[in-house]
Structures are given as C-alpha cells and as structure tokens.
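2 protein chains.
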Amino acid sequence: MTRLYHFALSPFCRKVRLVLAEKKIDVELVEERYWEPSTEFLRRNPAGKVPVLKIDGLMLSDSQAICEYVEETVPEPALMPKDAKSRAEVRRLCGWFDDKFHSEVTANLVYERVNKKIMRGGYPDGKAVKTGAQQIKFHLDYMAWLLDHRRWLAGDRMTLADFTAAAHLSCLDYISDVDWNRSEIVKDWYAKIKSRPAFRSILADQVPGFIQPPHYANLDF
Amino acid sequence: MTRLYHFALSPFCRKVRLVLAEKKIDVELVEERYWEPSTEFLRRNPAGKVPVLKIDGLMLSDSQAICEYVEETVPEPALMPKDAKSRAEVRRLCGWFDDKFHSEVTANLVYERVNKKIMRGGYPDGKAVKTGAQQIKFHLDYMAWLLDHRRWLAGDRMTLADFTAAAHLSCLDYISDVDWNRSEIVKDWYAKIKSRPAFRSILADQVPGFIQPPHYANLDF
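Chains A and B are the protein sequences, given in the same order. The first sequence begins at 1 in UniProt numbering and counts up one residue at a time. The second sequence begins at 1 in UniProt numbering and counts up one residue at a time.
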C-alpha cells in the first residue's frame, strides 16, 4: 500500500497528493504532526519534514524528488513535457513556487495564521502577515502575465508547475487569503485545475480550529 | 557562447559552475550584483536571483532546473544515476542541501558574514551566526553517517548531490566556517571532490574584502 505521511495545509504535501491522484495512485493518508517529530518519523525522514511517501517498498522525501520519481515510474498522464527546454521551464516554476512564493507568501500567511496556532507558537506576526498580503499581489500578477502568453503556467499543457502553484494557492484559499478578483485569467486557471477529480481530496480537507470558508470547495467560486 | 550570470559566494551558482566544468562546457562568467537588480537582469530572471544561465539560445534560472537541463542535454559524464530510486535519492539530497542546509547553515553564516557586508546590510546577527555554527555540526554528522554507508553521498558514484553539498561547504570554507576535524570521512570526501579539475575555478575565486584563508585552495588541507 502506498502511504503518505502528510499535514493537510502543507503545500508540499498537497503537491504530492495532486500528482498521485492525477496518476490514479491510491494512497493512504497518515497525518503527521511533524513539529513534534517522533524517533520513528525522523527515521523515515531525518530532515524532519513532510511529505514522506512510502511507495514501492521505498521511503521517499522532498516533494520535488517524490514527484519526479512518480513521473518516472508512472509516466501517464504526463505531468512533465518531453523536451529538455520545456522541462527546464516546468522545474523553474516549481522552484519559483516552492522557494520564492513559499518564503514570500505561504510562510508569511499560512504559517503565521495557521501553523503557529496549531503548534502553539504564539500569535501571528502582523508584519509578516502584511508582507505576505503585499507579496501575493506581485505573484498573482506574474501568473497573470504567464497565463496571458500560455494556456497553462509552463506552456500549452498542464504540468507539475500548475499543481505546484495550485498546492500553494489552495492552502492560502483555505484561509481566504487569495483575492480572486485581482485577475480574471488566474481565477479561470484555478477554476480549471480545481475542477479536476485530483483536487477532490484537497477540497474535502478539514483543519481543526479553522473552518473552510464557503467558497473554498465551491467550483463556481 | 554559454554565459553564467553569477555571484562568487553563491552556493547555487557554484553548483552550476561545478556541473558545467565537469561536463566540460566552457562558460563565460558574468558577475551579477543581484541585490541591486537592473531591469535587464529582472528580464532575464523575474525572480531576481542568480544563477541565470544563457545556453543553447535559452535563458535558464533555478539551479536545480539548470543542472537537470544540462544533465539531459549533455548526459556524459553522468551526474544522475539511471534508475528512478537512485535518482530520487540524489534529488532528496540536493533538496536537503539547497533547502535545509541552506536555511540552517549557509544563510546563517555566509549571508550574515559576507553578503550583509557586501550589500551594506549592516553587521552580522550574532544569534544567527551562533545558530549556523551549531547547526553545521548536525549536518556534518549526517554526512558522515551517509559516507559511512556509501562511497559518495547518494550512493556508490559521484552525483549532483555531491556537487550540491560541496558548493555549500566550499562557500563556508572560504570564510573558515567548516571544522574539518569533526569527521575524517567527510574531510576525505571533500578532499576527493576538491581535487577534481571542475573545482579549480571555485578555488581561484577572490571576493573583495574577504581574503581566502590559506587552506581554502590547498588540496592537502
């Protein structure tokens, strides 16, 4: 059985869940309170982070390494283009969201508002929240610029880059931190990806202490 | 002509330089003061980061995306194994160093001591430096544990994981922040990788205001 050790509002875990679902790989989800790491969890991943995927008798970690592994072992439906140039663009954008967007937006909003409360780490830092709310505008505008030139973020087909971006945005959307009125084109892109069957499990997530806003699981948001 | 926009003490740029040199791809190095980004630089990479590689008529960014591109287009000498399982291990360790090691060690030591001074960003934060000095011990011990089980970090052959780790450690070594006495096995690994022709350009780096320590370029350090 494939098993994913995860945390519901982790964008890195959501990215892996989306890829597994798109590839129709059944997975058992095991919630991991990674901020209280047990010896057993650290044995699975000495980095002390989620996601960790148990698959094919292996214990894999690092969301990008996991997604590339799944793509190589279950090639269809393809989430990476065939040519090196387009693959570089997909990976550049995965890095954009998992690194730049993550530190500038996700960490400032989701981690401050949600993770801190769950981990009993104190109140959100107002300065960080303000920075995140400011930074997301730049990122939404950059996405709009890309989508003005392409059907999907990295080109004319849906790729891992779209799932990576959607994983981050869905976490922010859970706490109503995405202004969907900022760009029609980004909203349309999110509506398309959100309506995929692969998204269902994510739209059903419930995080104790944080109630889903009504638009979150609504496909006509 | 292949051209790399870089900064000498950026571990991400060094990783790309090592890979290009190992693949015997001639490259023109152009120093980029990325913290004072020009419009032209932001056009090359809207993320405002180095490295940016101009190659095959393309403008590539994100060090991992660049290295995977180079591996796919110039396969020999191979820096990635052939099987998916081993590739996942290489990518996990690239992520380990570029994400975990970077935020826990490189950012706390190199960025505090060097980048802040160059960017006129004030004095090093003593608490950050102390944290970095503490954290590097854990990472050196983890490397020692890996190298006790394997010839190279990700397995029995040298891979991108070794170059990624060496890129970070070489930046720290430039400011004498690696205690090579902590582990004989890690020191031996670094001596092996440091003696490769690919490392020569990095050992010749000179950062104004920061003089190379005598052991830095010495192969018998």
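Warning: the hint list may mix true and false statements.
No copy is singled out in the list; a pair is fine if it fits within one copy or between any two copies.
[What the hints assert, rightly or not] DSS-like, lysine-lysine: derived pairs with alpha carbons at most 27 Å apart: (1) K54 <-> K24; (2) K187 <-> K23; (3) K82 <-> K117; (4) K85 <-> K54; (5) K192 <-> K23; (6) K24 <-> K117; (7) K23 <-> K117; (8) K23 <-> K127; (9) K100 <-> K127; (10) K117 <-> K100.
Derived from the structure by calculation, the hints contain no laboratory data.
When no copy is specified for K100 and K127, does a C-alpha distance of 27 Å or less occur within a copy, between copies, both, or neither?
-> both (18 Å within a copy, 24 Å between copies)
When no copy is specified for K54 and K24, does a C-alpha distance of 27 Å or less occur within a copy, between copies, both, or neither?
-> Within one copy only: 16 Å inside a chain, 38 Å across chains, cut-off 27 Å.
Within, between, both or neither, where K117 and K100 count as close if Cα-Cα is 27 Å or less | So K117 and K100 pass the 27 Å test inside a copy (24 Å) and across (23 Å) alike.
Up to 27 Å CA-CA - K117 versus K24, copy category | Answer is neither: 34 Å inside a copy and 51 Å across each miss the 27 Å cutoff.
Classify it for me, K23 with K117: is the Cα-Cα distance of at most 27 Å met within a copy, between copies, both or neither?
-> neither (34 Å within a copy, 49 Å between copies)
Taking 27 Å as the upper bound on the Cα-Cα distance, should K192 and K23 be classified as within, between, both, or neither?
-> within (17 Å within a copy, 41 Å between copies)
Can you tell me if K23 and K127 fall within 27 Å by alpha carbon in one copy, between copies, both or neither?
-> Neither. Shortest intra-copy (40 Å) and inter-copy (46 Å) distances fail the 27 Å Cα cut-off.
With identical chains treated as interchangeable, where does the CA-CA distance between K187 and K23 reach 27 Å or less: within a copy, between copies, both, or neither?
-> within (24 Å within a copy, 43 Å between copies)
Given a CA cutoff of 27 Å, do K85 and K54 count as a within-copy pair, a between-copy pair, both, or neither?
-> between (31 Å within a copy, 12 Å between copies)
How would you label the pair K82, K117 (within, between, both, or neither) given a Cα cut-off of 27 Å?
-> neither (43 Å within a copy, 44 Å between copies)
In summary, the structure is inconsistent with hints 3, 6, 7, 8 from the numbered list given earlier, while agreeing with the others.
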